[in-house]
Amino acid sequence: MTYSYRPNKSTISVIFIILSTLLNYIKAADSFPWPGRGKPVSSTFTPINPTSPAELTVIDVLSSDEQYSDLLRIIQRLKLVPAINKLGDITLYAPTNDAIREAQHAMTDNINDEARETIFYHMLNYTITSQSDQILHQTLLHPDSEHVKPKKPHSPWFPEPGDGKPLSGAGQQIRIGRANSTDICYGLPDLPVGEKYHGNCHENGAATVLSKEPKHARNGVVYPIDKVISPPGDLATQIRNHPSLSTLLELIPAQAISALEQRAANGFTLFLPTNEAFKTLDKTVYSYLHNQIYASSDLLDLMSGHIAVGKGVGWSTTWDTQKEYDTNLKTKLQVNDKNTVKLDSHTSAQINTFDILASNGVIHLIDSFVTPPQLLLLDSEKILIGLNATRFVDLFRSAKLSNKYLKNDQDNMTLLVFHNDVFEGTNDIKEVDALATASDDQNEMSMTLKYHIIPGNIRKDDVKTGELIETELRTRLLGDNGQRVVVSKTKTPSDKSSKTNKSEKHTGWSFNHASVLSDEHKVGNKTIYFISSVLEPPRDVMSVAVSDLRLSTFVASVYAAGMDEYLKHIPATTLVIPTNDAFEELGYAMKYFLKSQAKAELKQLINYHIIDDIVYTKSLSNGTYKTLSDVPLDVNVHNKGNTTEMALGSPRNVAGYPLNGEERKAIISEGDILTSSGVIHVIDQVERSPMVDITLRKLFKGSNANTMLDLFQKAGYQWLLDGKAPPLEDDSNPYEKHNSSTGHPVKPYTVLTPTDAAFTHINLTHYLDDRAALEALVRMHILPAPPDYLDEDYSYALEEDHTTDNGQPLYISDDMAYPSLLSYTEGGPSRYGDVAFKKSQNGWTVGIRGARGVNGPEDFASVLGFGRASPHFYNSTSDFEINRNNDLDNDDPHAMSIGGGIVVLDSVLIPYEPSWIYRWGWIVFTAITGTGVLGAGGYASYVTYQRRKEIRAGYQSLEGEED
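In terms of the numbering used here, the sequence shown opens at residue 1228 and continues consecutively.
Among the hints, a few may not be true.
To be verified - Result set (SDA-like, lysine to any residue): computed pairs, CA atoms no more than 20 Å apart in a straight line:
(1) Lys1439 - Lys1559
(2) Lys2066 - Asp2133
(3) Lys2065 - Pro1953
(4) Lys1853 - Asn1869
(5) Lys1687 - Ile1755
Source of the hints: derived by calculation from the structure; they are not laboratory data. This one's a predicted model, so the numbers in the text were calculated from it and none came from an experiment.
Modelling step: build the complete structure from the supplied sequences, incorporating the hints.
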């Protein structure tokens, strides 16, 4: 009987399980392909005895040579044996075992992608010989755009290749050539044009081909090499690592470099400027590009203009068929046979390094830029950034003024710019992020910035010291006129050691005391100067006046009048402000103005010093200017030697007399002090408003002479205080005794005014009870305009040569005497009614002329101050004048009298009456002396007579002679 065995299904299943288990063990063994990992090298090598090269494959060649055992094990692990066997005419540069052991890290990754790419990077799809002159060769490496997790395994006979997108479907390139005369190198690096490799292959980072003659197989050849060559990194990696691109790497934003990584960019051809190319840039442009915060957009455009995309990767080996490339900047680049890349006929660059290989493209280094020239043609804003004025730019951007003033270079303008270091160490300037960003161009920041912009182009040689230049700052307070900035120029002698024969001088200049630090920078139609500090726009008129100690009295007057806010906000005005010394000359008139009851008059006085327009000194000319008062100011400009003197004062009437009585005009001692609403000119004299009448009564109030005022009123002299003519029926009226005609002008008077403290030493009760004594006391202190210093034709008109100084109400000089109303010459009863002034070390003193010192200190007093009243105008052709002068040919029917005023004293002048000894003593003495002289003479005559008689009696008569 014959038995046959038929395996059932269960038996087959068991066998399949056993085979699967064995297969897993085999796979586990394959996971340790590296020598020394679990088994000796000899156990992994199976020698083959080939019969002839035509029967061997490349794998057979590797298997037959022990030095490739590690490479073969890796190929087996990567399941590349079937694929390599199917390839024909390949060239394999096979790393030896030593090379692989040295480069284990380059061929170990979890998903074997990098190891597979490394293997293919050592294979060419054609055979070459050691005699080949070609340097750049294409390998079988087609990089994958992204390494992903393992997928379902493919057939080992046709393994899944990379997608090839990073290199536009082409294989990666590699350099094969000689580093010296003997060694052939695999994987040489890039080299600048004209340079040669030095040293051996390893010194150049390449592998040495160990045999000049390959081992042949039916599907290719094998060259042994002593080093594993890793595929190149992506474009971003190459840029980061190449020493000639360090400047580019420093400037270009990191995100732009990262965008060139393999996962984001494919098939790019980069023509990149080297470090030397950046050095050829203008210093300012180079500095601007270094500021990535501001230049990021331009840097990205600059980079985009050098990133090209063609039909494929633009290795130099492809330029025979592909010469044009489109850039990311929408420009076109063309490569010609002279290794030049060109944008247009005016913009080109020489390629000085070819074919810096990358996994997703290629890089060529060029010696200049191939972007449109306007990309590096900076506007004012970019120039300022490059010149370290980023804070200035930040402020303009915050104020939304950059587009108008910094980016538009078509208009002729001059920019006064401050460097960033101006802000260092100061807390006065607000931080940029805290500045207002409102579009209202009248906010404080906008006003400050516009003050740094001057319409037109300013050159140092075209301006003069003190010149006012209009800026772009225009406000309502300026009447929409441009605020001015003051130019100053300083000169210093040139170096004596200079060889030049010319007396040259180095000239510095400044704007509002901010020194100009640099020569001009021209950008389009703009001129840029750097200055040492921020230009602060002029402040309001009150702030400016307060800061000037010379004008403190004016400031006090403005506050007393309640006009401070008014002056701050009144637009387009010119203030002519007297100095403190000028106000001091007003004396007690000024003290009256500061009293509350004189507020309206003080306003008139201040308004008279405000011209209703902005008038700079350069614009001043002869003529009248409207003020905020009802009376204009008259301006006179004339040359005085090498200078121009500008004077202003009250206009004159038809007779030629100033309406305010000031014969001398105020001189502008300093002009053009800028304010937010106009300008200030400093003058040396207060110009009284003709609309303000200062009487003696007001001066009394200003001096607080209340006691004297009361005595005047009780004595019936209130008419004099108010500047009126005395009553005709008044016996005290001096006109009654000397001038009986009507129509005579009001006579000016100066009153010697003792202070209230001076009357504490006087028995006022006596004077209040005795009217005659009271009138005598009052008259003693009233000085009419004396004829010895008045014009001969106009009795009360001041002579031109005797104008008063320092606010004095009358002309005084040392030892000059003036009659009072108590004086006999003025119709008074006293021959001791004159007063005389004496100059002392501490000022003026005044005393009763001819007083014998009977009253002691009551005969003289020290002058404490003056106050001048307003003048009076009258018709000189009155009947009195016609009769007196008998002059009917007078062509000037008007005259002006001085207004008089007060002289404040520290003591009361008591009317002087000499004692009977001084009054009659000289008569008695003369009589007695005369009687004595006569008696003595008579007695002497008698004695003489008697003696002669006796002598005659003693003689005898001779005979014949008569007795």
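task: Take a quick look at whether Lys1853 and Asn1869 sit within 20 Å of each other, Cα to Cα.
output: Not satisfied, since the Cα-Cα distance of roughly 29 Å exceeds 20 Å.
query: Is the hinted pair Lys1439 and Lys1559 satisfied, with a Cα-Cα distance of at most 20 Å?
result: It is violated: about 44 Å lies between the C-alpha atoms, which goes past 20 Å.
- prompt: Given the hinted pair Lys2066 and Asp2133, is their alpha-carbon gap at most 20 Å?
  reply: Between Lys2066 and Asp2133 the Cα gap is close to 16 Å, so the pair holds against 20 Å.
- request: Would you check the hint for Lys1687 and Ile1755, treating anything up to 20 Å between C-alpha atoms as holding?
  value: holds, 12 Å
- prompt: Is Lys2065 close enough to Pro1953, meaning Cα to Cα at most 20 Å?
  reply: Answer violated: Lys2065 to Pro1953 is near 31 Å, above 20 Å.
Violated hints for the displayed structure, listed by number in ascending order: 1, 3, 4.
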